[in-house]
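Top to bottom, those sequences are chains U and V.
Heads up: take any position in the first sequence, counting from 1, add 15, and you land on the working numbering.
Heads up: take any position in the second sequence, counting from 1, add 15, and you land on the working numbering.
By construction, these hints were calculated from the structure, which means they are not laboratory data.
What you are looking at is a predicted structure, and each value in this text was computed from that prediction instead of being measured.
Please note that a few of the clues may not be correct.
Note: identical chains are not told apart, hence a pair may lie in one copy or across any two.
[To be verified] Here are the simulated DSBU-like pairs of lysine-lysine, each with C-alpha atoms no more than 35 Å apart in a straight line:
id	residue 1	residue 2
1	Lys26	Lys97
2	Lys63	Lys87
3	Lys123	Lys87
4	Lys228	Lys26
5	Lys118	Lys228
6	Lys49	Lys228
7	Lys49	Lys118
Protein chains: 2
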Amino acid sequence: MSIDPKHRMPKFDDTFIEQFHELLAWRRDVRHFKTTPVDRQILEQICKFADMAPSVGNSQPWRFVQVSDAQKRVQIQQSFLKSNEQALQGYEGEQAALYAKLKLSGLKEAPEHFAVFCDEACSQGAGLGRQTMPETLAYSCVMAIYNFWLAARAFEIGVGWVSILDPVEVQEALQVPDSWKLVAYLCVGKDARPHDTPELERVGWQARTEAQKRFLLD
Amino acid sequence: MSIDPKHRMPKFDDTFIEQFHELLAWRRDVRHFKTTPVDRQILEQICKFADMAPSVGNSQPWRFVQVSDAQKRVQIQQSFLKSNEQALQGYEGEQAALYAKLKLSGLKEAPEHFAVFCDEACSQGAGLGRQTMPETLAYSCVMAIYNFWLAARAFEIGVGWVSILDPVEVQEALQVPDSWKLVAYLCVGKDARPHDTPELERVGWQARTEAQKRFLLD
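Chain U extracted, bound-state conformation (with noise of 0.2 Å):
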């Protein structure tokens, strides 16, 4: 007997509605960890979540690597330093001190680390759909980063994304193939001070704002 698909549609009711705002309210983006490994068998969950996420022309071309290795991390740890300072040297008088002070990565206590790569020169998929827009490869990268976060938040593990780094330097740090473009750099572990605001607009670098002006509807 075959199932018509539209009878197998899930429904999402206003219990799950509620509980996935949760989710998106308490996400952040984790700087201060708790440095406890993570569970394979969880890191393992949570990557089959990130591939769920669409793609263009169904291509999936994201590319996850755990970064165990110490000298690895250094090398990482040694290029984020270089390049926070550099942004540093961009600010003045009080934002200066202010961004000084901010602490923007867990890269020293987060037990877990993935670089997530986009393969530019990926074939699945065969171009469709990245032709006028070929940035969407990216894109697609993306949304697995994100469901990667969602899902580790949803089994309590908290995730920080470093883009405070050189991606050529972290290309070479980890010896990928050419073709992989940095997208983003995770630190994956407990989180160690859970909150529902985010950590820039707690300090007073940044509130969020309101939203208006970014929807503009009919």
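Once you have looked at the hints, place chain V on chain U.
Positioned in the frame of chain U, the structure of chain V alone reads:
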């Protein structure tokens, strides 16, 4: 009495995690829409979920523009038809024949359209986190789009991401500021053919592949 935020952090139980898995499994890139308009309040709710996305430096650079004007929609449709015809020229033989038969957008039937832009001139966040990887600004918009997509599905609304468009033509048709760069054009409405398998897989263009090569765990 102050409440330690640690004690307010919600727990996500197995039931929620299963339902979240279902949400990801049934999300789909929708191209077959019912023409029934979407309730304005539902659209507003979906936009609220979209606005909860993470963003580099808390910059919130996404700009969602609803497109209801018939003339503007014609211009978008023309850009799609031209871009799709050009894409077809890149295929040969059986692949070209299959490509020509694919339904790659629901622009004609979808009751609601949204163009989503990234404001590259966005000063919110004061540039934090985007010196070495400026593309993280657009990536923030991708996560807002994905929030929109997932929330829509939870509210029984389908979303289709159209990338076969000339981004400059869309920008011009909608007369948005020069600094607003197109990230996605979304068709939104009731899904006429819900399914848990990607359409590109069902029609034989591209199946999903084994996850192992995408997740290199130590």
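* Numbers of unmet hints, in rising order -> Those not satisfied come down to hint 1.
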